[in-house]
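Protein chains in written order, with our numbering: chain S, 475 to 597; chain D, 49 to 440; chain L, 24 to 261.
Misleading hints may appear alongside valid ones.
Said to hold, decoys possible - Calculated cross-link-like contacts (lysine-lysine; reagent style BS3-like; alpha-carbon spacing at most 25 Å):
1. S/Lys523 with L/Lys185
2. S/Lys541 with L/Lys185
3. S/Lys541 with L/Lys207
4. L/Lys185 with S/Lys506
5. L/Lys207 with S/Lys545
These are calculated hints, taken from the structure and not from any lab test.
This one's a predicted model, so the numbers in the text were calculated from it and none came from an experiment.
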Amino acid sequence: MLKLFALLAALCMCASADATESYGMPKLDIGKGGQCVEEPQWMRKNHMKVLFQQRDETVHQGIRDGKYSLKNCIECHASLRDNSVIGRADSFCEGCHRYEAVKIDCFECHSSKRSSALVQKEH
Amino acid sequence: MTSHSPLRFKNRIYYSLVAAGGLVVLMGLYAAHMMEEHGHIITGMNNQIVWGIPHVFAIFLIVTASGVLNVSSIGSVFNKPAYKARAPLAGLLSIAMLAGGLTVLMLDLGRPDRIIVAMTHFNPTSVFAWNIFLYSGMFAAVAFYLWTMMEKRMNPWSKPAGLLVFVWRFVLTTGTGVIFSFLVARQAYGTAILPPMFIVMSFAWGMAVFHVVQAAIYEWNGKLLDAYVQKRMKNLMGIFVIATLYFVAAYHLTNLYFARQAEFERFILFDGGVYPLVFWVGYFLFGNLIPLLLIYHPALGKSKCILFASLLIILGGFSLLYVFIIGGQAFPLSIFPGYEVSSSFGDGAIGLYRPSMPEIMLGMGAVGVSFLITAIGIRMLDFVPHEIPKSR
Amino acid sequence: MSDTNVQRRQFLKTSVGAAAVAIAPGMLLFDMAHGKSDPVSSKVRWGMLIDTANCADGCNDCVTACNKENGLSGGLSPTDSQWMRKVELKDMRSGRTLALPMMCQHCEEPPCVDVCPTGASFKRADGIVLVDKHLCIGCRYCMMACPYKARSFVHEPLHDQKPDVPRGRGTVESCTMCVHRVDKGQQPACAEACPNKSILFGNLNDPESEISKKIRTVQSTQIRADLGLNTGIRYQGI
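Only chain S is shown next, with the shape it has when bound in the complex:
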């Protein structure tokens, strides 16, 4: 019984910690970082929406210069160590998605590497 109470208490703490956004938040390697296309807090909430919209415009209408492109995200936010946004606990995309327990379905098909780095490697 005591254990059950302890567990409940711990759960409550987790929930309240979530609200203040401080407890256990992953420390992310934000890569180059710098000025994002939108407010970081807004991006945290809405990045998937704008990415989806942009992706449909790009795939179906050939509009390739929108500012919300996945390539742009990776260009700034890939780690400076391994040029990737996934693969490590503190990788920009994976770190947060692991924390939130949301599956990323992007990088099975899309490259997770900074494309300028790939170009340099090729030449």
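Fit chains D and L to the known structure of chain S by using the hints.
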């Protein structure tokens, strides 16, 4: 205590059967998991044979799910009491096989995790998209039909519900045949004979499956099937088998008449290796000649013979679909008529296909799903036919 | 301070502001201008004219370029993707031989698009037939329907894809006419790589384009023209 033991023994058999069915389903799910983990590389399918054993199982189960309802249609739409008593069982079998077939079809997808996309994005020109609607509608229609039959207050609705199911399954089997009819460029497909052929095939296979299940239930309960009913049903099954053979013959004879199709027919009927073998031995001999003999020979036609004939018809069905689906893809696409072609991508070459263990397990898993639903359904609800006295 | 001074300052302020407003979007556009921002239109129909007479025996440069551009392994097993392949032809009666590159024919009436249950197979307004892999569930019905065997199914998990060419396990893919290059105003990789310049890429809807002019003057064929699909890829010398 002693008087209870046979019942207890029977119970044990029942639970072990259900457990065995469950195990087969688990194996199928494991295979699906492996396919998702490693990709379709672990199946025998490739870029030439894009649909394999899972599709043979799926199409057999879906077509038969529609055909088995023939038993209930004859009861409710054509008012034959002997069939009416069997309508609930036919409905249950239909739902069970449809569920099995759809399971394997879904788990074989390259991205089964995206099944929700198939529900939310609809391409109106695609017969596959229509089928998603037809298959799920079929579940609802049959479930409603069962309700009208098994709930006394709903009985008056049973006839219109039966009519709805009757129409729906015609459209559904047509939709399944049309999947192949709409393939303009493939020699084996792209002909309007396929939808009616699929409908007649569904009748024959549906009757066969119904016979097998009915025989098992009667044996289990120590009941004896009425000889009159038996005779009526076996004769009907015989007619459907002959009708299927007629359609298959018409399909191949038409092809043989066209010079551009002669090469394909030679492949599928004579020198294509395993495909002619499966066609002539599996389908023609075991799926037609022997069952017809068992059904119509005056000295035969007893219940054991009918059971055996039904099992052979099912085997014949699988053989026919194997040749139709896989043999049809193995023959090279004619992209440049009049030319001998070769390339690194299998142009002009017979496609190679060896079914692998995971895909066979997946297909068997679908049969397991159908078995489980049937076995549990019969136990839970009153699906066993109640014989109405012959005088009616 | 005099009135004129105040007015002058005011004027300066407003004009600088106006200039900033005028220039800012331009600057922004300049900043992002790596591709174009208008949706593709049906005024353009991209196509190719392939001169089989110039297609050298044993040359595989277009296929190699395609594999490199799109990050394909180049493997030749039946489960490997081949967006483009060289087909050797021999006329059964005359014995005449020829070779040609074969890929997605970018039909005007593509069967793959008709049969796709989710609409993942689609034709862009400019005639390029593509697979939206976000929608593809991997049913392979399009592979059954394609008269040209142009499509491949990704049988294994992939790694290190090209940033411009996303590809992944469990989805169907085919020649994209190098849509990522075309959108940047470049030619498809195969057309650029052909040493004999026998792949001519251009806009079939523009009567003044090189490809349109050539199609008007030389005899060209669509493969399986009997199917009435009106392919975007035409061949000379079949």
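Structure-based check of each hint:
Only pairs whose Cα atoms come within 25 Å are accepted, and S/Lys523 paired with L/Lys185 is accepted, the gap being roughly 24 Å. With a CA separation close to 20 Å, the supplied pair S/Lys541 and L/Lys185 stays within the 25 Å bound. Taken as a hint, the S/Lys541 and L/Lys207 pair is honoured in the structure, with Cα atoms around 16 Å apart against an allowance of 25 Å. At roughly 21 Å between alpha-carbon atoms, L/Lys185 and S/Lys506 fall within 25 Å of each other, so this suggested pair holds.
Between the alpha carbons of L/Lys207 and S/Lys545 the distance comes to roughly 15 Å, so the proposed pair stays at or under 25 Å and holds.
Of the hints listed earlier, there is not a single one the structure fails to meet.
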